[in-house]
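Taken in sequence, the protein lines are chains A and B. Once you know that position 83 of the first sequence is 83 in this note's numbering, the rest is easy, because the numbers rise by one and skip nothing. Every position in the second sequence, counted from 1, becomes a number in this note's numbering once 1000 is added.
Errors might be hidden in some of the hints.
[To be verified] Here are the simulated DSS-like pairs of lysine-lysine, each with C-alpha atoms no more than 25 Å apart in a straight line: (1) A/Lys-160 / A/Lys-189; (2) B/Lys-1192 / B/Lys-1157; (3) B/Lys-1189 / A/Lys-38; (4) A/Lys-40 / B/Lys-1132; (5) A/Lys-54 / B/Lys-1040; (6) B/Lys-1079 / B/Lys-1132.
[Said to hold, decoys possible] Okay, the calculated bits of chain B under chain A, using three or more residues with CB under 8 Å as the criterion: (7) 1023-1032; (8) 1044-1054; (9) 1083-1096; (10) 1128-1138.
Derived by calculation from the structure, the hints in this document are not laboratory data. Where is the CB? At the ideal position from N, CA and C, for every residue including glycine.
Number of protein chains: 2
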Amino acid sequence: MSDFEEPIQRLIEYFRALPGVGQKTAQRYAFYIIENSKDKAENFAKAIVDAKQKVRLCRECGNYSAGDLCKICERRNPKIVCVVQEPKDIVAMEKVKTFEGVYHVLFGCINPLENKGPNDIRIKELLSRVQKNGVQEVIMATNPDVEGEATAMYIAKLLKPMGVKVTRLAQGISIGSDIEFADEVTLEKALKSRQEI
Amino acid sequence: MSDFEEPIQRLIEYFRALPGVGQKTAQRYAFYIIENSKDKAENFAKAIVDAKQKVRLCRECGNYSAGDLCKICERRNPKIVCVVQEPKDIVAMEKVKTFEGVYHVLFGCINPLENKGPNDIRIKELLSRVQKNGVQEVIMATNPDVEGEATAMYIAKLLKPMGVKVTRLAQGISIGSDIEFADEVTLEKALKSRQEI
């Protein structure tokens, strides 16, 4: 049926709104719900409402958290702060099991085209955190594009007078990639930052 | 975080249970929920519960329906019945805009390996429907595999004594495909069923 019965159609539309989901995938998801138990559907629905209701921003780092303070801020070294643009960047960074510091989520970056200035992202919170906790190093892990670079530079300028070490994730060729297919900007960066072996 | 905060983790697990969804996709879906409004999350949850609660099987064809009778059975010619294995097959068939008949969902096929016999699928319902409605033609649209074929043959044998025309979807090479890559069984079928041009 190109037009489904109403409750199915509505569910398909909600699934379609998920990132990267097209009509056919949304249909499969909806049929999965209908073909499974009532319990499962109700628990799924509850999980959605719960996640939205119970998850708030960690009062320190701004990451999504079930409590006032997130698990990372609770347990790890607050003297080393890694600054990221979005909570999902933390997911990626945490794959590096050796990092023992905490994070700071900016929720975006300085982007004049989107009318986002320094006051629209969580820079003030970062500065007061650095002062309050005696932070030793701030690692800038904003995206390696124009806006991310500019944001990193802007924040570095504010932090340096406070006597904090500010670093930036190294840029270069990706592990396992082919030099043949690397773009020129990446290669230039990699050449500039070359290290003795 | 390889281990997410509890409400996020639970939501990710529910999304992961959807067909074809891996860890990363489930994370993206969960973040989407958290990043959007509370209203949207609640409506999404409601749509899931509603779909499961309100959708039942059409009393005639067995397709998912919001009412006692599905939209297709309500409006279309009940003298031509297309027999399919699953409700999702109807979605595919309905892309053919010219079909004016109704459907009959078997919910599976005869499959000895899965311990599914003729009494485990909706064959009885089909027979009584054929009798009751004076059906003129039954089109077998079960899958073109061993079990689907066997089911179609079995049902055809039951229907023919009732004086109904029983047909099967044509089998052959797909439109737009390459003969070079067609498998031998398909080619053999296509050769056997060749038509004068």
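Outcome of the hint check:
About 23 Å separates the Cα atoms of A/Lys-160 and A/Lys-189, which keeps this hinted pair within 25 Å; it holds. For the hint linking B/Lys-1192 to B/Lys-1157, the alpha-carbon distance of about 22 Å falls within 25 Å, and the restraint holds. In summary, the hint linking B/Lys-1189 to A/Lys-38 is not supported, as the alpha carbons are separated by about 43 Å, beyond the 25 Å threshold. Between A/Lys-40 and B/Lys-1132 the CA atoms are separated by roughly 38 Å; this puts the pair beyond 25 Å, and the hint is violated.
For the hint linking A/Lys-54 to B/Lys-1040, the alpha-carbon distance of about 15 Å falls within 25 Å, and the restraint holds. A C-alpha spacing of about 10 Å is found between B/Lys-1079 and B/Lys-1132, which places the hinted pair at or below 25 Å, so the restraint holds. Restraint check on the region 1023-1032 of chain B versus chain A: 7 residues with Cβ-Cβ distances below 8 Å, three needed, restraint holds. With 11 residues bearing a CB less than 8 Å from a CB of chain A, the region 1044-1054 of chain B meets the requirement of three and the coverage assertion stands.
A stretch counts as covered by a chain when three or more of its residues have a beta carbon under 8 Å from one of that chain; for the region 1083-1096 of chain B and chain A the count is 6, and the coverage holds. Coverage of the region 1128-1138 of chain B by chain A is violated. Counting CB-CB distances below 8 Å, 0 residues qualify, and the rule asks for three or more.
Hint compliance for this structure: hints 3, 4 and 10 are not met, and every other hint is.
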